[in-house]
Every structure is written in C-alpha cells, then in structure tokens.
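Asker: One line per chain: the protein sequences are C and P, in this order.
Just so we're aligned, residue 1 is where the first sequence starts under the working numbering, counting upward by one.
Just so we're aligned, residue 219 is where the second sequence starts under the working numbering, counting upward by one.
Keep in mind that the hints were calculated from the coordinates and are not lab data.
Among the hints, a few may not be true.
Stated by the list, open to error - Below, in silico cross-link-like pairs of lysine-lysine (DSS-like), each with a Cα-Cα straight-line distance of 27 Å or less:
1. C:Lys124 to C:Lys170
2. P:Lys445 to C:Lys5
3. C:Lys183 to P:Lys356
4. C:Lys156 to C:Lys5
5. C:Lys186 to P:Lys358
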Amino acid sequence: MALDKNQIAQRIAKELEHNSYVNLGIGIPTLVANYIPKGIDIEFQSENGVLGMGPFPFEGEEDPDMINAGKQTITTLDGAVLFDSATSFAMIRGQHVQLTVLGAMEVSENGDIANWKIPGKMVKGMGGAMDLVASADNIIVAMMHTNRAGESKILKECTLPITGVNCVKKVVTNLAVLEVTEKGFKLLERAPSVSVDEIISATKADLIIDGEVPEMNI
Amino acid sequence: MINKVVDNIEKALEGVENNMTFMVGGFGLSGIPENAIAALSKMDVFGLTCISNNAGVDDFGLGLLLKRKQIKKMISSYVGENAEFERQMLSGELKVDLIPQGTLAERCRAGGAGIPAFFTPAGYGTEVAEGKEVREYKGKPHILETALNADFAFVKAWKGDTAGNLIFKGTARNFNPLMAMAGKITVAEVEELVPAGELDPNQIHTPGIFVQRILQGEKYEKRIEQKTTRKRN
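So that you can see chain C by itself, here it is in the shape it has in the complex:
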C-alpha cells in the first residue's frame, strides 16, 4: 500500500537526529513535527524568525505576532528565541541548521530540485527555499512519487526551473525511500506491499537496486 502524507512524514521523522536544529518546509514537511521519536530532542526553525517553534495554539489563543513561514499561527516552547530575517538566514546559510525537509515538484538524479515556479502558470516565488537548498548539509525531500497527471516527479533531469543544484540527499515518497548517490537514485526502501517493479514503472529515472529492497518500517 502506498503511504499517505502522514505516513511519509512519519518515515521522515525516523531520520531526525538527537539534539539537532531542523527547518521544515510547507506541506508534508510540516507534518514531520507530529512524529518526533521518543528520546530525540529537536528544535524547529522557521525562517521568518523563530527557533523553538511549538504546536498550534489552543482555540482563542492565536497571536497575529506569532506565525510560522506558512503564515500559520503557532506557539513557542521553553528555550525559544525570536530574531530578524537576516539572522534567520545566517543560521541557514551558515549551516547551523542541520536538516531541511522540503516539498518538491521534481527531483533529478544528480540531486537538483525544482519547487518554485511553473512558467506561464504558477509563479509564487521561491521564498526561503533557494537559500535553504544552497546551504543545508542534509536535505530530505518529502513528496508524492507522481504528479496529478500521474507522471513521475523523480527524473533524470528536472524540466521545471530549478531551485538548487546537487543538493537533495534523500527523497521519501508515497512509494519509496530513495538516496541520491553519485551514480544516481538508489532504492533504499519500498512502501509496504509495493513491489520493486511497481516503483520502477512509476519512476522516470534509473534506479540502483542493491539486493533485496526492504519494506519501510512505519
């Protein structure tokens, strides 16, 4: 069975390392915060100027001066800190944030990512994505394996304007976990009951398959 969005987030949560600073993008990445494994301490950074982001506020306690990068109302946890946008991107560009989880429209086998523009159709802007992908040590993409038209978002080369080059380290989709290696995508895990053949036929890039491919443990 292919994973749903929450299960993709749950699988990515297993990648979180103890005592690390993490930036979560909009969409599926935001859900990762719901699945932090026990014993793992994480501080979430939001690029609009907060470190130590907490859950959504209780009804009636929303504060217009306390939002995340998706403009959603949030709370802060003990030890949180607030800062301006230049300081925020100093944390990001200066590689003080260890992990970035982002959504994407396309990822290519050399680790390029496209997620900010569909020429002539959708131009919303890159927000902080270009700064994040240019600098983060570890970038994991969370996305569906195919787009609404059923076409693979995993490609040999991106067709859309790219956000960054050679930056994605891992991709977790509803079908598979892929690692970006120097030789291309390596299939690390498959979704429960999804066969390797099904993944190959849903993917428009070569996959490196090394022996038995285990099922994801969700």
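Go by the hints and put chain P onto chain C.
Answerer: Same frame as chain C, now just chain P:
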C-alpha cells in the same frame, strides 16, 4: 536626545513622490506598517517600486496599493497569497523581481550597513543567477548580489520611544529592523510610543539612529492569514 516624533501619518509621509522606491516591512501580514499602507493607498502616488517580502492579500496590506495600480514593480520572495498580484504579473502590467528570501534580507541589511555587494550560494545554477558574477569560495560557487536601499522604509514595531528606538514583538520583527537600516527616510509606526528613557537600552532591537520619523500608530487590525489551532484535551 533627538526627538523623532511626528504627530500623524500625513506628516510621516511628507516627501513621498511618484516613482519612488519604498521598503515595506512584514512577513505575510505579520508586522506590516498598517497605518502607512492605508495612508499611501489614499494618496495619488503612482509608479512605485516596493521592496517587501510579500505583497499582502487582495484587500489588505500591499494588496491595497496593487488594487489602485500604484505599484509598477515589486521586489519580493513570495507572492502566492494575492490573486490580483498574480493577474497583474502574468498580464505584464506589473514588473516583478523574485529573489530568495535570505538574499532579500541580506541585501537590505547590506544596504543599511554600507556594504555594496556580497557573494551568496543561494540561487547558484538557477534563473536567479542569470547575468550575475560567479566566484568559488571554499570549493563552492557563489553569486554576486548587490545591496538595496530605498527612498522611504516603512516599518512597524511593538514599542518605540521618542528617540526612535524600537522593540519588536514575536515574529512581527522579520524584515523590519533590516529595512529600517536601509531607508533614506525610515518611518516607524509603533503600537506604543513612550518617552525616551522608558525603554531598557539592553532590550532595544533597532537603535533610533536608523529611524528618522516615529509615530504612535492607531487602529491596528493585525489580520491573521492562516488561523491554525489545536483542540484542548
């Protein structure tokens, strides 16, 4: 003490002219200078270039100036919240420079700090890098970005004193301190204006030297763009 107080928004906007470049603080609708935007949207001032992370929504924030077609060019990082904006951009009525958010912040900071340009890795290999000088540092390619300045910077703070010192609240800080530094005339509107001496100098975020005019703001709506809550157990 140098007194920076102006009595009303009309005085704060004295000198605003057609075809000027403005910086406008805020992230989404959080921390935007509501009083300045509302007053500008009633003035006959057109052909503006606005440097602001976002472009408001259709009926609030910079959306008010877009609706009256007062803006000829926007310099932003993300504009996805505004249908009128998207329409004007796709039809070519509005010029738009989309730039990475960290680059935008740093270009404002650099403009205020007397640094004319800097190299950043953000945007290398993308459309953003087209026509820009590339240099390798520590084995990694970087692109040259230039500083931004503005004729006016409009910022919003939580508290301010008569000397122009500012304290921000929560994530409403965002671009405000950086833009305050980069305006030829920086207009700060505050929720609470206090006499100089009342704010603890240790706690001030923006020193008054960056602020030319300060005023007590009024009628803040502080609209929430995405209200998200959780249930009490």
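Asker: Failing hints, ascending?
Answerer: none
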